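Protein chains in written order, with this note's numbering: chain W, 1 to 325; chain C, 326 to 613.
Heads up, a few of these hints could be off.
With the C-beta cut set under 7 Å, the calculated list includes, among others, these residues of chain C facing chain W [claimed, not checked]:
1. Ala347
2. Asp371
3. Met372
4. Ile408
5. Ile412
6. Ala571
7. Ala582
8. Asn597
9. Leu602
10. Trp606
Chain C stretches covered by chain W per the calculated footprint, using a threshold of three residues with CB under 8 Å from any CB of chain W [unchecked claim]:
11. 455 to 465
12. 486 to 494
13. 532 to 544
Calculated directly from the structure, the hints in this document are not laboratory data. Only a predicted model underlies this, so the values are computations on that prediction, with no experimental measurement involved. Quick reminder that beta carbons are idealized off the backbone N, C-alpha and C, glycines included.
What follows is the residue order along each chain.
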Amino acid sequence: MTTDVIESGGGLDRSASRRVRRGDQIFRLASSGAGILLLAIMAAIAVFLIVKAIPALQKNSANFFTEKTWNPNAQPATFGIAALAFGTVLSSLLALVVATPIAIGVALFITHYTPRRISGLLGYVIDLLAAVPSVVYGLWGLAFLVPRIQSPEQWLQKHLGFIPLFGGDSVSGRSILTGSIVLAIMILPIIAAISREVFLQAPNAQAEAALALGATRWEMIRMAVLPFGRPGVVSAAMLGLGRALGETIAVAMVFPAAFTVSFRILTPTGNSIAANIANGFGESGPTGRGALIASGLVLFVITLVVNMAARLIIARRKEYSRAGA
Amino acid sequence: MTGISFARKLKDRLVFGLVCLAFIVAVAPLVSVLWMLVKNGMKRFDMNFFTHSMRNVGPLDNNGGAYHALLGTVEQVGIAAVIAIPIGLLTAVYLIEYGGNRRLGRVISFFVDVMTGVPSIVAGLFVLAFWVLGLGMGFSGFAGAMALSILMMPVVVRSAEEMLKLVPDELREASLALGVPKWRTIISVVLPTAFTGIITGIVLAIARVMGETAPLLLTVFGLDSINPNAFNGPQESLPLYIFQQAGMPNQPAIDRAWTAALALILIIMVLNLVARLLGWWRAPAKSR
């Protein structure tokens, strides 16, 4: 009787544990499978862009990397990434130069100049900037910025025209400068949010020590907060740069869409890879689509490099601070 | 005691002024955007706009609406969520519960970060190259949903990961000590504990992809009439609608673009608010 119970109990236990093990295996497999699927998607993006770009590149009669014009639908097809890549990098760097100091200021304002109770609310307001969709910024840029930016542009051209950046014969509301300002607005919340996190992590003891020694608030920030936050701010700026490089619709709506390589940011010249894809896709034939995919591949590689570099800086920082703790 | 010298005090004040100015400069565009949205968007914010499509609407006609675009957006984002949420959640579970410190876990974690930075237009180009051209499936709402899901996955993974990290280890250990297998522990102890936080992250991810235009341009293509079938033929979407109407030279089209933009912002704001309220309502084991 008793042995029966024990035996059957043992049998139950064994089958149950087998079921448990199978359940565990299935769940483990499913979750690691999902992770591997993510890796596979990243690989597939690269593979399919390459596969679809090759036929168009073979039909190209010009050098893809040095040609400035973009006529993939003509016979023979002539297209190159030079002007587009130049415009992309120039506008993104300009946006970065505009946005980073403001974002650092915003982050400092929220972390060190406002009482904790309202700093959360102010942070939320800045995050709202990131919630506005790209296409709405484009619409706003077209209706608000493009008409209003012309007189400041004329002023810049008249008084600072000797600087090549502001030179040129005519100014236009739709210019690289306008696009860069829209980009700056869009990347500002990203840079501000990460900088805020980093500034909050700055060791409190050092800040208090600086204040106790009679430092003013700015001196405390300069000595105890900024040196600690610098790597974080650098990687935040790089993530912002990555975002600006790939930003499409807002830029497509305010860029002049001319295929030139020129530093003159006030003139109606310049374009970007992403904007060209958005604006050129509708009229593209098979070769045109392939050419756009090829340009997208270049964009993918550029943003990949920038983002990976930013992530590596963050990762190194993490290890460093863990070792220090 | 002489106190702080004038120069140091001045510098301190000056920086304070600059920092305040930075905040004002950063908020000004937001105020301007919202103001213009309300001012220009209210003109066509009527029933006609939300019940009609653009079918048979001439270039100078003052009617026409975004019903077809709204329908398309809801379908595309819904399908994207159905694809992205399970994959994202499972990946987060893997990273936290199984492989966080293994080689594979570290590689996945790194590439999730990199995936966050993939430009939306590249996600669109990928689906175009793979699904629309490669497999010859043509433009459809589903193709757009796939592109959106690629953008959504890393966001879901990251937010779910943060929430799973907050679940105290004691809960897991208690459950395992009672003889509950690991997978049951995850499903009935870990995930429910982090539930509201995970939902918050998912809602924010949905709000983020809702406004994406560029990938849809290449995969959904756009359409003036109502196409309720997301698996067959081009569709419209709200952001795409704004882009197309804003590009037209006539005032009625531009008015429609503003109204659609106002509607889109309202939806996104409501989603953000829901996420915030959820997070505030039941912050799990968070003492911050």
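Verification of the supplied hints:
1. Ala347: Check passed: Cβ of Ala347(C) comes within 3 Å of chain W, closer than 7 Å.
2. Asp371: 20 Å, violated
3. Met372: 23 Å, violated
4. Ile408: 11 Å, violated
5. Ile412: Holds: closest Cβ of chain W sits about 5 Å from Ile412(C), inside 7 Å.
6. Ala571: 5 Å, holds
7. Ala582: 6 Å, holds
8. Asn597: Holds. Min distance 6 Å.
9. Leu602: Where the cut-off is 7 Å and the nearest Cβ of chain W is about 13 Å from Leu602(C), the hint is violated.
10. Trp606: At 16 Å from the nearest chain W Cβ, Trp606(C) fails the 7 Å test, so the hint is violated.
11. 455 to 465: holds (count 3)
12. 486 to 494: n = 0 at 8 Å, threshold three: violated.
13. 532 to 544: With 9 residues close enough to chain W, the hint holds.
When each numbered hint is compared with the structure, violations occur for hints 2, 3, 4, 9, 10, 12.
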